[in-house]
Every structure is written in C-alpha cells, then in structure tokens.
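This is what each chain is made of:
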Amino acid sequence: MNLSIKLPGLSIKNPIMPASGCFAFGKEFSQCYDLSELGAVIMKAATKEKRFGNGTPRVAETASGMLNAIGLQNPGVESIIRDEIPFLKEKGVPIMANVAGRTVEEYVCVTERISPYVDAIELNISCPNVKEGGVQFGTHPQLAGEVIEQVVQVSHVPVYVKLSPNVTDIVEMAIAASQAGASGLSMINTLTGMKIDPKTRTPVIANGTGGLSGAAIKPISIRMIHQVYQAVDLPIIGMGGIESAEDVLEYLLAGASAVAIGSANFKNPFICKEVIDHLPKTLERYGFSSVEQAIGGVHHEKAGSHLLRS
Amino acid sequence: MNLSIKLPGLSIKNPIMPASGCFAFGKEFSQCYDLSELGAVIMKAATKEKRFGNGTPRVAETASGMLNAIGLQNPGVESIIRDEIPFLKEKGVPIMANVAGRTVEEYVCVTERISPYVDAIELNISCPNVKEGGVQFGTHPQLAGEVIEQVVQVSHVPVYVKLSPNVTDIVEMAIAASQAGASGLSMINTLTGMKIDPKTRTPVIANGTGGLSGAAIKPISIRMIHQVYQAVDLPIIGMGGIESAEDVLEYLLAGASAVAIGSANFKNPFICKEVIDHLPKTLERYGFSSVEQAIGGVHHEKAGSHLLRS
Amino acid sequence: MINELMSILSHEPLAEDTYRLVLHGKMVHEIKEPGQFVHIRMDGFYLRRPVSISDYDPLNETITLIYKVMGDGTEALTKQNHSLEVLGPLGQGFPIDQIHANHALLIGGGVGVPPLYSLAKQLRRKGVSVTSILGFRSKEEAFLLEDFEALGDVHITTENGTLGRCGRVTDVLSEMAGNCDMYFTCGPTAMLKAVANDLPDTPGFLSMEERMGCGIGACFACVVPSKDEKGYKRICCDGPVFRAEEVVL
Amino acid sequence: MINELMSILSHEPLAEDTYRLVLHGKMVHEIKEPGQFVHIRMDGFYLRRPVSISDYDPLNETITLIYKVMGDGTEALTKQNHSLEVLGPLGQGFPIDQIHANHALLIGGGVGVPPLYSLAKQLRRKGVSVTSILGFRSKEEAFLLEDFEALGDVHITTENGTLGRCGRVTDVLSEMAGNCDMYFTCGPTAMLKAVANDLPDTPGFLSMEERMGCGIGACFACVVPSKDEKGYKRICCDGPVFRAEEVVL
Ligand SMILES: Cc1cc2nc3c(=O)[nH]c(=O)nc-3n(C[C@H](O)[C@H](O)[C@H](O)COP(=O)(O)OP(=O)(O)OC[C@H]3O[C@@H](n4cnc5c(N)ncnc54)[C@H](O)[C@@H]3O)c2cc1C
Ligand SMILES: Cc1cc2nc3c(=O)[nH]c(=O)nc-3n(C[C@H](O)[C@H](O)[C@H](O)COP(=O)(O)OP(=O)(O)OC[C@H]3O[C@@H](n4cnc5c(N)ncnc54)[C@H](O)[C@@H]3O)c2cc1C
Ligand SMILES: Cc1cc2nc3c(=O)[nH]c(=O)nc-3n(C[C@H](O)[C@H](O)[C@H](O)COP(=O)(O)O)c2cc1C
Ligand SMILES: Cc1cc2nc3c(=O)[nH]c(=O)nc-3n(C[C@H](O)[C@H](O)[C@H](O)COP(=O)(O)O)c2cc1C
Ligand code: FES
Ligand code: FES
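Residue numbers (the numbering used here), protein chains in the order written: chain F, 220 to 529; chain L, 220 to 529; chain G, 4 to 252; chain P, 4 to 252.
Bound-form chain F, shown alone (with noise of 0.2 Å):
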C-alpha cells in the first residue's frame, strides 16, 4: 500500500502528522514511539519573543471535545531554532514550522528566521485565544491576503496557510489564500467556545473563552474541506476530531491531501503511530491502494450509489 504523498516542501512517506500545539516540539512523544514514523511533525507556534501565554485554567472539557486557550506560549522563535529543531532534524522527521504573530512584522520576522530551518511554514493566522493578532488575520480576507504575501516573499520554504473556521465564507479566505501565493491550506483551526462552570459561575477557562476541538468539529471541518476543494486549487492538511484511520479516509475523501491529528494526542499518546499502522487496511478494505487515489474521492464519485438503497 503507497501511504507517500507529495505536498510543495513534503515528501512524506505517509499523510499523517500531528496538529501544531497538541506536540509541542516532539521530545515528550519520542517517548511513545520513533517520530520518524511520522509523515512530518508540525511544530507548537513560534511567536518572536518567548510568550508565557493565558492563565490557567487553560483547558476544559466538553462533549466529544476539549476546549484550550493556552495562548501561543512558546520559547520564542529563536530558542526554537537553536533547542527544538536539532532535535526532530535528528529523528529525521520532515519539519514545519507554525508561525504566528500579532502584527504583519512579527509574522514576516519569524518566517524569514525559522524558514531555512524546516521544510515548510504553517502559518497561523486563526489562533482564537489571544487578543491581538492571529484572529482578525484569518477572518477578513484582505487582511489575510496581505500577511500571506509578505510572509510568502521572505520565506525559504512553501507556506501553507492556517485556516479559521469562524468565519461566514470560508471559500472566500481560501482564495485569498490561494491569491497571496499560498502553497497549501491547513484546515481547520478550533471554533470559539466557552463553557461556564455553574459552581464558580464564571468561565472554565481563565481567559474566558477557547478554542473547541475533538470529534465534535469534524462535521463542520469536512464541510469546510468539502467547499474549499472545490473552488480553490490548493492541497489541503485536513484536521479536526481526527481518532481513527476511518477518520483519515473521510477527510481524504473530502479533499484533503495530508491530515493532523491534534487533541487525540492528550487521549491516547500513541495515536498516530497507531493510525500510521492501521491506515493502509483501512485504504484497503474501503478499496483504496494509495493514498493518493482517495484523495477528493467524494467529488469523483458519481451519487445513486447509496448503501442503504442498493
């Protein structure tokens, strides 16, 4: 079974990686399981200057999900560079960097210093837990038109871009993407969420709200997958509620051409390893002999051919 899968600035040997955030820079994982197996690692956010992030609590739970609003604490773009990268160039395990930033400066600032250093740059424009930045880039077109340019004229490595799904028309942010010289789309980030403890009476989560995700979003992830793959011509990393290698072939189908497994991690440490290991039966039993083959699957299948009517 061809698990290999080209992506600009990817050669990966398989589609899976874990999400920015849920990761870290990989040691804690190497302890699970050799991060080689990986198709790439995609790094915790890298801002400038080293953040400490939000109060706690940070995380919440929720029904099939988890709310966060860690708030991009990093060490800083260049304690990045020289403490983690070594380490997963090490392993051997194709890098990127997700960079992000609260003015168009910061986010060019950290791309040109970590983009020689990784094989491509996600960048963040739809982190919902911090107050300036991040945000307000991925959720107005023209805003996020001009960060990818700039960001897509210093960086060494192609830039996929981070899509928000709190927005009314995400096919409107992709092809803005797509117009700035976006190489690819990472899809999706969390929704906005809060949840209030009826004890306390105020929020779970110090900073008040957080970004929700987990199972619950994969329905509205597809959804977004599915409208994107149709209208802009960019290969996707799909993610959202990714648990299992069905999970995979389902956003396969949808459009994507790689996905990130996020949250699953905190479930189960071992879980990419294991949908590494499981995925090519799955392909199979499904009858699939690539992964490249399923890729949008969904739109070349011609309809009628419903399960339960046939």
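If you're looking for bench data, these hints aren't it; they were derived computationally from the structure.
It should be emphasised that the depicted structure is a prediction, and the values quoted were computed from it without experimental measurement.
Mixed in with the good hints there might be a few duds.
Pairs of lysine-lysine, BS3-like flavour, derived with a Cα cap of 27 Å [claimed, not checked]:
| hint | chain 1 | residue 1 | chain 2 | residue 2 |
| --- | --- | --- | --- | --- |
| 1 | G | K29 | L | K492 |
| 2 | P | K142 | P | K82 |
| 3 | G | K233 | L | K267 |
| 4 | L | K267 | G | K82 |
| 5 | L | K269 | G | K233 |
| 6 | G | K82 | F | K500 |
| 7 | F | K310 | F | K225 |
| 8 | P | K196 | P | K233 |
| 9 | L | K308 | G | K82 |
Mind docking chains L, G and P with the ligands on chain F? Use the hints.
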C-alpha cells in the same frame, strides 16, 4: 422555586421549550407527557406552501451530535393554522411559530397569516438546509435587517430572530436584528456540517451538507450568547445541545432568559419534562432562588472565586 | 409507547455477525401487531437504533430481536449483557387482524427476515398458509430457517450460492407467485421495489427502512413519497409497514 | 511511561464520596518515587483524569489510588470494576533518594492526602521521623488516619469540627513547625500557598494540581509561573512536586 419568566409575548411558567423542528406540532410528544407542562412550544418551520423537503437520508449521527437536512418539510401555513394550532391551543401551552421563506415576501406573508394565532414569531433566517432563502438572510446583517423590519411591521406578536452560528461576527447580526425591531433572539440554529461514508464514497446525507446539532455545539452556542448578551439588550432564547437542568443553568448564566431543547428529544422523548422536573433542585443546589436570578449570572460574577483555586 | 430499561435474558450469536437478543419487560403488552419496532439507546451514541420486533411473548413478557452488526452501534450492542434502554413499541406493523388471505407469500432479505417471523406465526394461527422466500448473502449469514420451515414451505437464496438457490429472492419469486393471494416483504428498498414490480396484481405489504431521528413521527427524517394527497409517509409512525400501493419506491 | 489496560483488584468506598482503587499491572515497575501520578481514560470522556499514586507494591504489582467524586468523570469512575486504561507513571514525585532530613512534616488537605501516604512510608524506611497534619471537611470525609498514625504523630483538622481540631491545617501548623526540618504538602493551591508562607525558612516540597490536557508535557495546559529564567513549569512533567522556592503560587 420560581421558574416563571416574562418575555415579550410569552409569560411562561418555566423557561423550557422544545426547539423548532424537533417536536413537529406537538402531537407525537403529547403521548409522552402533558404539553401544558412546557413553558411554550416552538413549532416546526412554516412556509407559504407545503414543502416536501430534501431527499433521504436526512439525518446522520456524529460525535455527541447529529446532522440533519430535513429541508423545511411542512404542510404550509394554512394547514398549520387549520390542522395543527388548534391542538396546541387546546393543550393550553404558549405557542411560538417558526417562520421560514425563500423571499422577503414569503416571510412577510407567512407572518401575516400565522401571527394572529400564536404568542410569538421565531423568524428562521438561519436554516442551512435549503438551497435558496433562509441562510443568506442569516449571514448578511443588511439582508437580515430588511426582512426583519418588514416582518416586524406585519406581525401581530413579538418577533424573535433565530440567528445562524455560521457567521464571522454574531454580534453584528444581533445588532442588526435589534435595530430592525426584533423583540428577542433565538440562538443558535445548526452549524453546517458534512459526514462522508467511506463505503459509498458519498456524503451520508442526501443533501450533501446538513446542520450540526446536539451536545457537540453547546460550547459554541454558550460563547455566542455570552458575546451577544453584552452587546445587545434583547432577551435570548438559548439552544444547542441542552440535555440536562445543569445545561439549562449554564445557558441562563451565559445570558439566555429561556431555552429550547432540540435533538435531545430524539434521544429521550421525555427530556423536556424531565428537565423541567429537575430544574428547581438544580437551581437550588447552585444557590439560586429563581430562574430570573440566574440569567446573565456569569456577567455579574466577580472573577477570582474559582473553585480550583480556592 | 414507553421508554423502558429492559433486562437482557439472553444474547447469543445466531449466524455470521448476526445476534438474537431476548429482552424482558412490560413493553410487550403494548405491541399491537407483528412488524412494529423498537428504538434502542446506547451510551456513547447520539441517535437510537431502530430494530424490528422479531418475536414476542406476552406471557413471559419477552421481546426477541434479531440484528446484524452493520456499524459501530450494532457492534457496541453485541457487548450489552445486562439491560438496555428501549423505546417502543413503535410504528404500524402488519395489520394482522384485517388480513384476509388463504396463502401468504413472505419475502425477506437479510435483516428483513426477522419481522416476518412473528408475522408468519400469526398468519398460521389465523389459518393462512405460508410460503417463505428468504434471501441471504451466504450460508453463514442465514438464520431462522428451521423456524420458518416449521410454518410452511421455505425457499432459500444466497448471493454466493452456498445455500439454496444462487441468486436473489426475486429469482425464485415468479415460480411462487401463482400460489399466493397476498405477499409480505421486508428488506432493502431495492428488493422491495423489485418484489412489488414482480407482483403487480397481488395485494402486498412492504416493511421499509430509513435513517431515523426521533422514531416517533416528529422530525421528518424518515419520509418516503406517497401517492396520497399529503405526498409523504413517515416510516417510523405511518409505517414501517405500508400497503405496496401507498408508497413511491 | 506506558499506557496499560490495568485490571481492577479492588474498588471500595473509603470515606464519604471517597474511594480506594487497587490496580494490577506492569506499570508499577516504572514508578521512580512517591508523588507521581497516573492519567486515567474512560469511555465517554474526552480528557483523561489525573490521579496521584497513593501507594504501590512492586512485589504484587499493584498501584493504589484514592480519589474523591468531584464531577462526572470521577462519578463514572466509581462504576468501573473490571479494568481501566491508565497512562503512567507520570511526572516528578518527591525526590526521596535526595532527601536528607531528620523530622519531616507532612501537610495534606482532602484529596491531597493520598500521595503523602507512600511518601510517609518511604521516609520512615529511610529513618526520617514523620509528623502529619491532615485536613478534611468533616469526619465523614476523613480517611487513612490509622495508616498515618502507624507511621508517626497525626494531627487532624476538620472544617466543621466533627473530628480533631476545628479549622484548617494551617491552624495547627505553627505549633508543629518548630520540630521539623523539612515539609511536604499537597492540597488545593490556596493551602499550599498558606503553608509555604507559614514555613518560609524550612525547606519544603509542594505537590500541585491543575487542569491537564496531555499529562506528559506537550500541550502547556498545566503551567505554573516559576522563578527561573524560563518563567514557567509544567505541573504534569516538571512536577507535580516542586521545591517550594521554585514556583510562584
Ligand atoms: C424500522 C426498522 C427496522 C429495522 N429492523 C432491523 C432488524 O430487525 N435487524 C437488523 O439487523 N437491522 C434492522 N434495521 C436496520 C438497523 O437499524 C441498522 O442496521 C442499524 O441502525 C445500524 O446501526 P450501526 O450503528 O451498526 O450502523 P452505523 O452505520 O454506524 O449507524 C449510523 C447511523 O445510521 C443509522 N443507520 C445505518 N443503517 C441503517 C439502516 N439500514 N436503517 C436505518 N438506519 C440505519 C443508524 O441507526 C445510525 O443512526 C431496521 C431499521 C429500521 C428503520
Ligand atoms: C497531579 C494531580 C493529581 C491528582 N491526584 C488526585 C488524587 O489522588 N485524588 C483525587 O481525588 N483527585 C486527585 N486530583 C484531582 C482530580 O484530577 C480531579 O478531582 C478530577 O480530575 C475531577 O474529575 P471529574 O470528572 O470528577 O470532574 P469534572 O469537573 O467533571 O472534570 C472536568 C475536567 O476538569 C478536570 N479537573 C476538575 N477538577 C480538577 C482538579 N482538581 N485538578 C485537575 N483537573 C481537574 C478534569 O480532569 C476534567 O478534565 C489530582 C489532580 C492532579 C492534577
Ligand atoms: C491544546 C491545543 C493547542 C493548540 N495550539 C495551536 C497552535 O499553537 N497553533 C495552531 O495553529 N493550532 C493550534 N491548535 C489547533 C490544532 O492544531 C488543531 O487545528 C485543532 O485542535 C483541530 O484538531 P483536533 O480536533 O485534532 O485537535 C491547538 C489545539 C489544542 C487542542
Ligand atoms: C431534525 C431537526 C430539524 C430542525 N428543524 C428546524 C426548523 O424547522 N426551524 C428552525 O428554526 N430550526 C430547526 N432546527 C434547529 C433546532 O431548532 C435547534 O436550533 C438546533 O437543533 C440546536 O439545538 P439542539 O442542539 O438542542 O438540537 C432543527 C433541528 C433538527 C435536529
Ligand atoms: S424518525 Fe422522526 S419522523 Fe420518523
Ligand atoms: S497537561 Fe499538557 S503540558 Fe501538562
């Protein structure tokens, strides 16, 4: 324990109502309990002519939720007035009519016809499951304002506007509704989603996309109500994933004045009555002596009393 | 219709991926006719699962279900051994009291077979002769054969030919049709359609399937177009059993 | 660190809303020191639940947890009787091998008491005298009293005065402080803060709590500000046990 609440058009003895589309016109559920136990009933959407709706399958299961694309099937406003409303009147339960349409004219016409027979209108500008009409009004503040204004003019009873969560800025929509003369808001309708069956390589729902409801979406609804409560001075009927009296309290604290229970009626047809029965004890346990007292509670609470920290 | 926590009296494999589940509870007293169904709730699943009542015994207060593992929900069902939250009985079954026939033909495909069993028993009790055509994918997946044989002639088809005639139920239908004056069928919609087409002049009843939300008529998830003025039927409450001429397949 | 399906050897109420759970498995061999914890996964809950290891026995391959019902997850935990998916051992516990003390003071509040038990036993094994101050809400919620008494002096406080001194652990702290040359404390953050403030000159260790995502250091959910250059510690992997002067409470 005082559960009663006074809203425009609705003086209700408790804040619990079945959500539109999940209770038809009440006949089926009247086999389960006496409908007069309910705060009010929100009827299935009414359109001018009868509609058959979408092809089947129309529902799919998701993690802690479901997708539906019924497509506003209903017998048409005249039949609803003639064949359905008398039954509910006889039960002595306040009635809210959910009004849908393809054009401003249809919304106006249905409201004109039905409003004399009911206590309030829930203006459905947020159904994601019909190709034309419906959701475009719910995602553009200006279009929303226009239809709301005209509907308010002809309505004999207060108009609540049912907002779609599929927007970048829910506050903007709420403000548009308020400025156009709405008496209240209903939040939220379903989020557009999709599920793909790898066996058939097609979407499970015949319509392709469907509306996501259930516990999965509760954090999104709570967040939106929390935002809108601060920005707009209109009473809010909260909904999305309510399954327990604790959930009701969470909605009240976020800023809802009453709530509607939708998909959970399918899990447990007795749910509305059970929640009403549990509500007094639940309010008491968390230190409230009435429903009124809990409304917007999280906005009045001073921070710093967090359980985990005390 | 009640929502009952029913205890599980027995739960055993019957054929490949197919299980027989015997439930105990008061619900049995509300069953009106064969062909009604129950709606099963399980932890971790948002929607209930509809399953036909295959047999029931008011004296011992039992309801028997036969189901096949089709996905995660039925897979999880196989692990239940203590009790189950069941809503039912639901829908309209075969109107046994109004049926006047001499020789009934029962045509069941796969998990369409179970509801026909209790029907067959009740038809015999009324003095109606019963011939059954039961279609399965393979010998390993076939079940209830002896039970049906005790009630009349049985013709088996399997898609892979490992038991009975190789092919589908419709392949033997023409040979049988002449003898019967009424038919009853349950199975995939495509099969129902083929059967109804093959027996245009015989009065017949179809038991239908569709994905369900509420199961009680309130959500309009399970509609099928109908020939009456209203234009649709809800499978969960107007059916699942319909007269063949009522619905548009 | 392993993820193990551990079998449940016993699971019984210990005090009001408080349970003792004895698990069997290989994980015990990886425990380095008292104060480490495990991360428990249960069906229907998206996040795992962190619970301290209260006692462990490599010979019999058992791990003992003591937990209190605080919400839906721990409520569901009480119903588990067969096996449990457990990730562990996690975090840094009390560095028992590096501890040089003559007389240790242990201060535990509520469900902060369990991890101190195995610590107390190991301190005694090293020849360190142990005095314990255990605080509970009420007599009904108190537990492990005899177990601690077997290891040294025990002072009990309850908030409602139904057992021992009426009040909080800090109310008896000053009386004890003089005798000890090192302290160890676990409980709500407010209590840890009060204890650390009351014993500014005594070297001490705090075991902390925070809501967790991964439990292994990868998500940054569980940080606490620290006094070093990095500025933070992750409770799940740098802790849960810290030297009092390391963290900012
Ligand atoms: C009136 C009625 C009677 C039935 N009687 C029987 C019976 O006696 N024995 C039996 O084995 N099966 C019966 N079925 C089919 C049975 O309901 C499905 O096989 C079952 O719901 C599949 O659930 P799952 O979780 O395994 O599959 P999944 O595919 O994981 O289910 C996902 C969702 O789709 C629904 N779904 C999937 N397939 C069907 C289907 N064929 N019909 C309706 N809903 C479906 C499920 O209920 C669930 O909501 C009946 C269906 C209906 C409508
Ligand atoms: C390192 C560590 C060790 C612990 N050891 C013990 C122990 O030995 N005995 C014991 O009874 N309890 C212990 N706790 C607390 C225990 O984790 C919580 O009581 C438990 O998670 C509550 O779960 P719930 O589902 O009942 O509550 P819910 O409020 O329903 O839980 C919702 C979410 O919040 C989290 N949460 C709620 N309260 C806490 C808390 N105090 N700390 C961390 N997360 C929380 C839950 O894990 C879950 O993710 C420990 C916590 C930590 C961090
Ligand atoms: C704890 C946590 C931290 C995250 N941090 C980041 C981040 O730093 N940058 C980013 O682009 N996305 C971040 N995300 C979003 C994920 O990468 C992913 O897009 C989202 O969680 C959906 O996938 P999932 O449902 O598999 O978790 C974070 C998610 C979680 C749960
Ligand atoms: C099957 C189904 C049909 C619905 N039909 C309507 C409708 O006709 N009009 C409407 O405004 N909302 C409709 N809704 C949306 C619900 O009223 C409600 O806003 C939504 O489902 C969220 O609540 P819940 O999570 O409790 O289901 C429908 C929802 C479902 C599940
Ligand atoms: S399943 Fe709801 S109407 Fe039939
Ligand atoms: S819980 Fe993830 S870093 Fe501590």
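Structure-based check of all given hints:
Taking the CA atoms of K29 (chain G) and K492 (chain L), the gap is near 22 Å; set against the 27 Å cutoff, the hint holds. About 25 Å separates the Cα atoms of K142 (chain P) and K82 (chain P), which keeps this hinted pair within 27 Å; it holds. For the suggested pair K233 (chain G) and K267 (chain L), the alpha carbons sit about 16 Å apart, so the restraint of at most 27 Å is met. For a cut-off of 27 Å, the pair hint linking K267 (chain L) to K82 (chain G) is broken: about 49 Å separates their Cα positions.
Proposed proximity of K269 (chain L) and K233 (chain G) is supported: the alpha carbons are some 9 Å apart, at most 27 Å. This hinted pair checks out: K82 (chain G) and K500 (chain F) have alpha carbons roughly 24 Å apart, not beyond 27 Å. Note on K310 (chain F) and K225 (chain F): the hinted pairing holds, with a Cα-Cα distance of about 20 Å set against a maximum of 27 Å. With a C-alpha separation of about 21 Å, the suggested pair K196 (chain P) and K233 (chain P) falls inside the 27 Å cut-off, and the hint holds.
Restraint check for K308 (chain L) and K82 (chain G): not satisfied, since their Cα atoms lie roughly 46 Å apart, outside the 27 Å limit.
Violated hints for the displayed structure, listed by number in ascending order: 4 and 9.
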